[in-house]
Amino acid sequence: MASERKGGGKEGYGQTPWQRGTGAALNRSRCPGHAEVSPLDCLTWGESVTCFSSTRAGSSDCIVGSNGAGKTTTIKMLVGLLSPTSGKAEVCGVDVGKDPVSAKSLLGYVPDTPDVYEKLTARELLEFVADLRKMDRQRAANRIQELLALFELSDRQDELLGGYSHGMKQKVCVACALLGEPKVLFLDEPTVGLDPRSARLVKDILRKVADDGGTVFLSTHVLEIAERMCDRVGIIQKGRLIAEGTVDELRRKTVPGKEGADISLEDLFLKLTGGEEYRELIRHLSGGDR
Amino acid sequence: MEYVRIILGRDLRSLFVPGGGKRGMKMRLATVAGVILYLGLALAVGYGALKLFRYVEASLAFLPPFRMAVEVNILNGVTLFVLMMVFLTGMQVTYKTMYESDDIGFLMAQPVPVRSIFTAKFITSYSSLAAIAAAFGLPAWVGYGFAVRAGLRFYLVATSSLAMLLLTAHSAVSLLLLVAMRHLPGRKMKQLFIGASAIFGVLVVLVTQILSSRLQRTDDPSKMLEMIGKGQLAATWYLPSTWMVNSALGLIPEFGLSSVPNALALLVLAAALSLASVKASGSHFMAGWAGRTEETGAGRKRRRPERVAARRSLFPRSGYWTILRKDLRLLFRDPLVWYNLAVGVILIGFFIFNVTEMPTRTSRTEEEGAVMLGSVMLLMPVMMGSVTGAQTGGVSISREGPCFWLVRQSPVAATDLFRAKMTYALLPPAALFILSTAGVEMAGAPHYPLGLALLLGGSMVVAVASVQILLDVFFPDFTLKVEFGSAKSGRGTGKLLTTMFASVGLVILLTFILTLPATPLPKMLLPGAPAGTVTSATRYAVVAAGVLAAASARFFGVRQIERILADM
Chain R
0 MASERKGGGK EGYGQTPWQR GTGAALNRSR CPGHAEVSPL DCLTWGESVT
50 CFSSTRAGSS DCIVGSNGAG KTTTIKMLVG LLSPTSGKAE VCGVDVGKDP
100 VSAKSLLGYV PDTPDVYEKL TARELLEFVA DLRKMDRQRA ANRIQELLAL
150 FELSDRQDEL LGGYSHGMKQ KVCVACALLG EPKVLFLDEP TVGLDPRSAR
200 LVKDILRKVA DDGGTVFLST HVLEIAERMC DRVGIIQKGR LIAEGTVDEL
250 RRKTVPGKEG ADISLEDLFL KLTGGEEYRE LIRHLSGGDR
Chain H
0 MEYVRIILGR DLRSLFVPGG GKRGMKMRLA TVAGVILYLG LALAVGYGAL
50 KLFRYVEASL AFLPPFRMAV EVNILNGVTL FVLMMVFLTG MQVTYKTMYE
100 SDDIGFLMAQ PVPVRSIFTA KFITSYSSLA AIAAAFGLPA WVGYGFAVRA
150 GLRFYLVATS SLAMLLLTAH SAVSLLLLVA MRHLPGRKMK QLFIGASAIF
200 GVLVVLVTQI LSSRLQRTDD PSKMLEMIGK GQLAATWYLP STWMVNSALG
250 LIPEFGLSSV PNALALLVLA AALSLASVKA SGSHFMAGWA GRTEETGAGR
300 KRRRPERVAA RRSLFPRSGY WTILRKDLRL LFRDPLVWYN LAVGVILIGF
350 FIFNVTEMPT RTSRTEEEGA VMLGSVMLLM PVMMGSVTGA QTGGVSISRE
400 GPCFWLVRQS PVAATDLFRA KMTYALLPPA ALFILSTAGV EMAGAPHYPL
450 GLALLLGGSM VVAVASVQIL LDVFFPDFTL KVEFGSAKSG RGTGKLLTTM
500 FASVGLVILL TFILTLPATP LPKMLLPGAP AGTVTSATRY AVVAAGVLAA
550 ASARFFGVRQ IERILADM
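Note that the protein sequences, when read in sequence, are chains R and H. The opening residue of the first sequence carries number 0 in numbering that gives the first Met the number 0; numbering runs sequentially from there. The opening residue of the second sequence carries number 0 in numbering that gives the first Met the number 0; numbering runs sequentially from there.
Watch out, some of these pointers could steer you wrong.
[Said to hold, decoys possible] Some chain H residues close to chain R (C-beta under 8 Å, calculated; not the full set): (1) D10; (2) K25; (3) L49; (4) R316; (5) R332; (6) P401; (7) C402; (8) Q408; (9) S409; (10) P410; (11) A412; (12) T414; (13) P519; (14) A549; (15) R553; (16) L564.
[Claimed, not checked] Simulated crosslink set (DSS-like; lysine-lysine; CA at most 27 Å straight-line): (17) K207(R) - K237(R); (18) K87(R) - K118(R); (19) K168(R) - K95(H); (20) K118(R) - K95(H); (21) K133(R) - K168(R); (22) K168(R) - K480(H); (23) K97(R) - K133(R); (24) K25(H) - K480(H); (25) K270(R) - K252(R); (26) K202(R) - K182(R); (27) K480(H) - K118(R); (28) K278(H) - K95(H).
FYI, nobody ran anything at the bench for these hints, they're computed from the structure. Yeah, the Cβ is synthetic: ideal placement off N, Cα and C, and Gly gets one too.
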């Protein structure tokens, strides 16, 4: 029996899924063989083992869910910031719980809120991260300058981060995650707080990382990002993975036939998560019945 | 007034009924503990004042003018001290309440007049300052009233005139803030306040130390009176604090002061200033609040890349060095540490000076005196260091705050993190201790032999740092945000106080162990034991405490850090 999982995600995330989860849509008793680079091999939710299909190298995958569905908690477990109540999380075949240092050296992480040391400059923060990852100093220095230039922060690299805007801090966090050239990149709502230009830049960078053979795994509740950026989408609800596959696969599985081919991801999401009743409610509130 | 009542009602409810669950219970307990602490302090100050004034009344009964001069000067001094404390902390309290409260943004978005929001926050910050005055200033007056058996009117006038004095000071500070926040950029403003408060605080410490040092070295009572008599009421007629003293003492006939004009002047000034600040808030508060986080574009001096690379190459690329270097960098950019260091150096400096210059009036044997003095010479710097450490390195895990994810998601071993934090916890107290030992050596003050002093003091510093780290690792508070002078907006105050009390308690315990040979206890417990053996045993005990504390911190601390890194 799984013990209670403390809320490790965003505020408002309850503990219940970890207690009552008795199986997800993609339950498998044991993990199947997986590719060499697989950010998520086995993850136990509640009493049963749930596996996302192994994420392949060179792919960009994401999990989509409503507020409080467990996206942040999932990512935190994968990057070693939370321990699963039972089961295990593996990155590239390395058990995050058993060998966290090795696992963490393979991954990069961008949290949902860009909390950074306000009394360090952007350059100092990136140097700090490079040293924690034991990067070669010269290589790190070059890469820091490249990333700062890429994110248009070169001119402000010697300013304290306390003076940065939310979006600029977010860009610094993405730069920190990219600095060590990780095999797997985890991003929790990466485009929140970014202006359209920066959001596009981040999306392009992530696509490039995946195209270059890296693995990108992100969480979002912006369905447009999931549809346009990700090869595979997992939909989670109340801590359970309820659907997983490419957007086309999800369409075919959820709404068979010709009708399914035209359905938007938003409609698909609402069908799967039972959100259709909200439409009725909205129609009622806006006087649609009158 | 309706809006003010609603906002204040909500604030009061959240203070005393903070919600259910463990967190709510913790907050309720903290509130109750705070009230008990304040009451205890007030009682202690009041009782002390009562004893003092009774002593003055009895010992100087045959010289009424002399007695009255002493009493006036004490009361005036206390009032001025409270006023200074209020000014010193008032800037920050008022700034934080008015411009950094979490609910201001929400309130501004509601259909509530800005003046009502300002007035509610004005009253909240005034209440915080009144609590300081109620704990330190009012009890002195009440103690005096009891000593001279004053009537009920005296207490009423003393309380209300002290309240008016506080209102005057608070309104002046609020007006100043309103104008400054409206016309100066937010960040620069904040830096200005931090700098000004720090300099003012250091100056207050310096002046009081000079005065007390001069008083300590004066044996002649008439010279002492002459010194404290320099702040006579007549010479400071223009100060509102003098009006307050005159208002209250005007009710004691023998002083021959008139109460009504002084009380009236105070009332008019307080009312005028508070009304002016409320009126000014209509045009100044919102603009100042909105601009509080304006960026000034101030950057750090850009360093040449090759110089940066050369400096970085001095440090190994290990997790230990990287985290320690980051912590030290943040530490040196924190005005709190400079303030604590300056205060510590001043206090220790004067302490050494006073000990060196003080005439010896001890009746103890030479050995007992040496033990006592040596222990006290260790106590002072270790105590100062432990207080500084309790706000810096001792709570360094908690001070990571929401940024801790950066370390947690990096490939860092728990041992490296522990060693870095332990070193960081040791550095501020060790620096103060070494500085003090060097000062003692140079001044030629009596103390333990250098090697022994370093061994004993070092053990004490290690023991204190270990306990602080253990407390922080097992009971971290990642909401803790220490800013100059206090925990920011009360966040983590309980944590800071616990660490501080535990550290100070441990220092006192270790010093007590060291001073045991100078007390009658060993003779009572171990009648036949030679004095030298007892002295050695106490010293071994202190060194053992340091070693044991360090070993425990290493053993338990690393395991707990492993847990924190993996699951939080």
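Violated constraints from the hint list, given by number and in increasing order: Violated hints: 1, 2, 3, 12, 13, 14, 15, 17 and 18; rest satisfied.
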